[in-house]
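Enquirer: Here is how the chains run, residue by residue.
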Amino acid sequence: MAVLIAVEADPTTGPMGAVVPVPVAPAPVDVHALYTAHWRYLVRLAVLLVDDVASAEDVVQDAFVALHRKSGDLRDPEAALGYLRTTVLNLSRSVLRRRQVVRKHLRVAEPEATAPADHDVLLRDEHRAALAAVRRLPRHQREVLILRYWSGLSEREIAQTLGISPGSVKSAASRGLAALQKALGGEAS
Amino acid sequence: MSGDEIERQLRDALAARAEGAVDDLRPVPPARFLTAPAPARRSHQWLAPAAAAAAVLGLVGGVLAIAGSGGSSQGPKVVGGHSAAGSSTPGTSATVDAPSNTSAASDGAGKSVHVKLFNADNHTVGVAMPVIAIFSRKITNARPFVQATRVTVNEKPVQAAWYFEHSAAGLGAMEAHLRPKSYWPAHAKVHVSLDTRGKAAGHGLTYDDSLTLDFTTGAHTVATVDDSTNTLMVRTDGVSVATFPVSLGAPKTPTFGGTKVIMSKQQQVRLKGPGYDEVVPYALRLTYSGEYLVGVPSAYASIQKRLDVSNGCTDLVKADAERLYGMLGVGDPVEYVNGKGPSMSFTDGFGDWNVPWPLWLKGGLLPTS
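Respectively, the protein sequence lines represent chains A and B.
For the first sequence, the numbering used here gives the first residue as 25, with consecutive numbering after it.
For the second sequence, the numbering used here gives the first residue as 25, with consecutive numbering after it.
These are computed hints drawn from the structure, not numbers from a lab.
None of the values given here were measured: they were computed from a predicted structure.
Built from N, CA and C at the ideal position, the CB exists for glycine as well.
Each statement offered as a hint is correct.
Not everything, but these chain A residues come out facing chain B in the computed CB check (under 10 Å):
| id | residue |
| --- | --- |
| 1 | His-56 |
| 2 | Thr-60 |
| 3 | Tyr-65 |
| 4 | Arg-68 |
| 5 | Phe-88 |
| 6 | Leu-91 |
| 7 | Arg-93 |
| 8 | Ala-154 |
| 9 | Tyr-173 |
| 10 | Leu-201 |
| 11 | Ala-202 |
| 12 | Gln-205 |
Chain B with its partners taken away, still in its complex shape (with noise of 0.2 Å):
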């Protein structure tokens, strides 16, 4: 392998493991230095580490009572303004339980395992937004969580189900994506409560935590990608309202097929592959392996020829990806239809609607029913 190729290799898995681990769709959380004044701060967020150091100190000197040690480990963080139990933030509790060593070290009645939610509450989101579940440890029985899920559209139950798989973007050990068979209704309050504290998630793990979710979607706006027509179509609520060429994938490098999840939104974004590097504007991500709908000023010709050149985007002239890039958001669907490349897979995005419903209902990695 060249340096050249080593170079190239080194940043793309730099990039895939920075990008998969804060997603861009991932809200900023509060900021720690803001809820407390500075100097009761600066004691404060330091008694977690005192916490961890003294616990190992413990060890040094011939006590083997990690268990105890590292429980306390967990008090001072759960204090500091991220809360374990009630709604959610994803933000905001991402740093209370995480796959670190003081988890492991919990009390010896079971381990815990902490749920937190990717969405975020009181955002407005497209139809086809799965709820995702993120587990801090591999759980071995999801029963008891499909049974503590509530989930209500515009106040009336309905049936929406699990389905479990790994982490691809490494935001937990597991995932649990939630959807109903076909997409959420239109301008409707999504509800979805999750009763898990104290709950077994397997044998000896146990939920430390309920959350709540509130969002509301969108108009149905959905993208149809025709790769045999290279055209993008768009409709809101069941009417057409834009249509526009586009250039898919080279033979070799086709797009892949079936349903995408438009999961953030980039106003410039640098694409980076074998023999291109270009920052390139209105950026709508598909998938975790790097598929866009974007503008590609250099793919000029080639969209108008209608020829597919590119490495798995969907390119569109500027002007285009600058007006699809108002008329889509987050959670809206991209249907590609009449394509030469597999499909998308689960892991590798929001490919949920890849999902037949009946294999959906089974629960992918753990059985729900």
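Looking at chain A on its own, in the form it has when it is part of the complex (with noise of 0.2 Å):
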């Protein structure tokens, strides 16, 4: 079982060790209602990463389990969120990276099994030329933009979120813009 650890990131630790504050307070936060408020806006952010609905769900149901088993330490809503999106983003990576190997040793026996997880084929073009360009960005270019752009987090958040200096999501930003830029620059829009 030992490379089962190799293919799982553990997702209660934020990526580099990313710290979620715990601020002294009463209760502990009520994980349901988190739920109830929270779900549907952390499977959109986990299907634009991941790319498809199913295993958005299974990230987000993944990740109020390990909040749940947390949950006395929890104290701040805003903070079990922040955690919350740190776990989306963690394991969704997983789920990439174990999409990836699949994928490689699947072409051999499968190939059918390597057909992209295309649910957005009925997106307007310039959606569908954005998201594949999106799509084609390195991963931390590809997750800043996809928190600048819909979650509406703020530069901060997205540090604190992905365990790196604002610095950092400035210029993986402009980075992955340009790039984009370069990508749908020749069709008119």
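Got two chains here, separate frames each, mind docking them using the hints?
Expert: What follows is the structure, given as structure tokens:
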């Protein structure tokens, strides 16, 4: 089972040891209330990251299971949401990594399994082109762009979620945008 | 293309993808962390990834028995509180069998097709609400599915027909919509049963589940939007209950015509587009492309003057939008008449009622008779 550890990231630790602040407050967070309030938001975030709805839902369920196990220690709903976001990010990375490994090896046995999880076939053309371009970006830039242009988080919050500095968020975003501009620039809009 | 435009396009694309994949109508499924005590759940819910990893390891080791491992990796998921057969709530069946790697590697006897329903059980919806079935893979023969469908209204059989289309919202590999010739009867109990498990979905394709759906219809509430008079009129069970002034799409961005169906309700929505980015109240969604019936405070003057200025939305003053929000619900039809724009397309929302019945009976992407 040693290999399993390599395949699965531990959902409870943030990337690069990001620490979720735990302010002192009277009651532990109500995980169920958080679930009802943020399920849709988190699944949507995960969809953007892993690109298929079923995996996204699994990721979010797993994130809440992880939060549930920790809920005794968490007392601030805002911090809990931050924790959930970071966990969704980490688990999504695991999904992509796992998928890549599976695809690499399945290609030999079952070519059909390598078909992309292409659910956006009927989005508008310009949307499809933008999403395809985002998908081709390096992981860091992709995550930063999704958080910045979809999740509504501030630069500081993005930095916290990803466990990187605000400066890295800025530079990843501008590099990502430049790459998108290059990829999409040819098209009239 | 300018940097601003790239940012706008990116924002729109991400929003369209995210909202298309998980619509506001989707009920929140039961939480997995509630279904078992914490320690047991931990080992349980890692079973599926473990099996998938085992399958990979098997391949790496030169064992090509991927079919067997792939099949078994679905096992624990089904046990994990998601019933594959029996009655359906869309939320709970959603994760059972999606177009993922594991389902593609199922057993050699044929590939399984999993059907789930977009609609939730035991809800009250408007009379124009279609029943939407979502297929985990593209089926090639619709007839057994059609023959396995039974629909009753107040326990009497009625004629309702399926229409097959691509899944515009990216809900699955394919969608089918079920509706009667004209709107469902008001204040009625509708029961749909799909005895599909084991039946063929095409060459080498077999359904792996059967489903039922029960819902009730509310009052016969229809909103009519007249582009020639810039009014929206609401009739409930034949009685006119309100008329509101509206502003529709500007000449360059006309509001789609035809019959739309309210897809979701939001107290607030952020509308973004060329030249505007506003958070507006009391939004009733009509199309995936982003048409709403919505209160737009900044459009007050145009609404008073009955000018068409929007990007396609039907704008109301805030107080009217609030009243309308209370009158209409998901599944209620909104009929656009005397418009200048093209009709809404089937796949841009619940465009079901814009397909003429004789055409509907042909089945869309797949012949049904």
